[in-house]
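K.L.:
Turn these sequences into a full structure, and let the hints steer you where they fit.
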Amino acid sequence: MAIVTLQNVTYKYPLTEAPVLQNVNLQINEGEFVAVIGPNGAGKSTLCYTLAGFVPHFFKGELTGTVEVAGVETHQSSLNEWVLNVGLAFQNPFNQISGAKYTVFEEIAFGLENIGVPREEMKPRVEKALALTGISDLADRSPYSLSGGQQQRVALTSILVMEPKVLVLDEPTSQMDPIGTREVFGVIRTMAERGMTVVLAEHKVEWIAAFADRVVALKDGQVLLDGKPGEVLTSPLLEEAGFGISRYTSTARKARELGLWKKDQLPITLEEAVEGFSLTSSPSPKERGE
Amino acid sequence: MHERLSFYVHRDSPLHRLNPLTKLTMVFAFILLSFGSPWYWTPHILIVLVILPLSFVGRVQREYLLTAARLIFPAAGFLFLMQSLFQPIGQTIWFRWWVLEVTHEAVAFAFVNAARIIVMVSSFTLLLLTTHPSELMSDLTRRGLPSQFAYVIISTLQIIPQMQAKAQTIIAAQRSRGLDTQSSFVKRVGALVPLVGPLVFGSLVEVEERAIAIEARGFTSSHAKTSLCEIPDSRFDQILRGALIVSVILAFVSRLWLS
Ligand SMILES: Nc1ncnc2c1ncn2[C@@H]1O[C@H](COP(=O)(O)OP(=O)(O)OP(=O)(O)O)[C@@H](O)[C@H]1O
Ligand SMILES: [Mg+2]
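Sequence order for the protein chains is A and B. Going left to right, the first sequence walks through residues 4 to 293 as our numbering numbers them. Going left to right, the second sequence walks through residues 31 to 289 as our numbering numbers them.
Treat each hint with caution, since some may be false.
Stated by the list, open to error - Derived pair list, reagent style BS3-like, types lysine-lysine, alpha-carbon separation capped at 25 Å:
(1) K15(A) / K222(A)
(2) K255(B) / K131(A)
(3) K255(B) / K168(A)
(4) K231(A) / K257(A)
(5) K255(B) / K126(A)
(6) K131(A) / K168(A)
(7) K15(A) / K63(A)
(8) K168(A) / K126(A)
(9) K222(A) / K63(A)
To be verified - Among the chain A residues that face chain B by a calculated CB cut under 10 Å, a handful are:
(10) A55
(11) F57
(12) F61
(13) G64
(14) L66
(15) L87
(16) L115
(17) I138
These are calculated hints, taken from the structure and not from any lab test. Idealized CB from N, CA, C, for every residue including glycine.
P.N.:
This is the structure in structure tokens:
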């Protein structure tokens with residue numbers, strides 16, 4: 004069942020000339036993990052703000068078309084109700100620290116306090132969320148004393164703990180090392196499997212390939228491609244439109260030109276690449292030994 | 031980085047365990063008493079017999095005495111000197127020096143004023159030393175202070191050190207591009223102008239993002255807020271608050287009576 008529906012959504016910030024989102028149509032099912040890719044300025048963040056209700060309730064400007072989440076239309080709702088359904092974490096972790104709390108534990112509890120969760124329920128929920136994102140050991144630290152990657156985990160945890168139906172993440176791993184990124188993608192994947200709907204704007208194509216159910220490619224505010232990672236990420240349109248693509252795909256594409264890639268399908272992950280190349284690989288050691 | 035953002039010293043003491051509102055009431059009661067009481071020696075007595083012992087009760091005497099020695103007493107001493115020398119009041123001249131006349135009345139006036147300043151700053155210092163800022167704010171919000179107001183206060187307390195750190199970063203960045211921030215005063219003031227842009231504009235963008243972030247966490251939610259930490263408000267707290275308020279009223283009434 005679709006939990007998020009965007010129909011002909013067009014949006015223009017108050018001070019921009021051209022629309023930043025143009026005629027966007029999107030249906031997202033419950034529990035789906037959708038990645039949004041696109042070059043800088045494509046409108047990924049704007050799409051995230053739109054899903055999270057900040058367009059049009061916080062950024063004014065003109066929004067036409069309909070945005071519906073869990074059966075409610077954005078114009079019919081207010082921001083403080085909308086955020087109960089849709090959680091948003093964005094790129095800069097420093098500005099997501101509330102500034103009102105002195106420890107990470109309190110920081111995570113901030114959202115629960117605001118929406119009136121009873122105290123007895125609050126502690127176990129915060130503890131569970133901290134354990135989920137692997138930051139239990141930071142609970143007593145000041146949020147400001149953490150590294151960028153740690154702060155990003157705090158920002159993600161602060162939203163996860165509120166258990167929104169739809170989780171919108173705008174480059175939530177931009178300051179993380181590869182190990183951190185893998186862990187966080189794992190957490191997001193787990194949340195999706197538990198039924199949370201996830202929309203993730205991200206540049207790290209190789210991680211998307213390994214974790215997302217679906218990829219939406221945005222270009223100049225329009226949906227260029229929308230489909231399974233294997234289809235979208237290997238489409239020749241992507242490279243033409245200036246998207247970053249997986250190195251496995253680009254390597255295999257080169258190899259295909261040289262006749263070294265025999266499969267129809269281009270790979271998006273390391274495993275697929277290894278598998279594909281092993282089909283066409285050089286003579287086996289035995290043959291060579293002859 | 032900024033692990034310690036507030037004055038708060040985490041210790042277990044009777045003063046720490048008092049309800050934040052009781053301590054706040056105490057601060058204002060001491061200030062009002064020291065200004066409103068008809069008896070000349072009130073502020074002095076408060077300092078010696080109440081505030082100083084309280085710093086021991088709260089187990090923050092070291093921190094308090096350090097602050098007093100570095101900040102409170104020098105400031106009060108300066109005020110005392112200025113007022114003794116320059117207050118043009120009184121006839122009882124103690125001594126004359128150059129164009130200055132030091133009178134008994136001016137010194138008495140300066141002495142009580144300095145003590146009042148000490149009471150004021152000291153009681154706030156004790157409050158800050160023994161009260162966790164977020165506890166104070168949660169308690170006040172629970173009692174009906176608008177949460178926006180509480181947020182502004184508490185985030186300002188936290189943001190000052192960050193602004194300082196950021197100014198340092200911008201200075202370093204601009205100096206590395208050849209901006210002069212180290213020569214003569216006029217030049218240095220001139221050199222600060224390019225700082226203002228990034229600091230203020232950067233802050234505006236940050237304010238916007240922060241607004242989004244706290245909004246995303248239900249800050250303006252219409253639900254009644256709850257609070258993570260339980261803030262005790264004992265019978266003793268209530269009685270103490272009552273007693274403080276009564277003593278302030280008594281002080282003012284007796285002052286009116288006597289005048
Ligand atoms: N608050 C704003 N006011 C006016 N224009 C904006 C605002 N935010 C973004 N824009 C413009 O909207 C367009 C899309 O920006 P957006 O931030 O959505 O892109 P993005 O895909 O997230 O890019 P990036 O990969 O750099 O994060 C850009 O041209 C940008 O200049
Ligand atoms: Mg963006």
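K.L.:
Taking the numbered hints from earlier one at a time, note which ones the structure violates and give those numbers from smallest to largest.
P.N.:
13, 14 and 17
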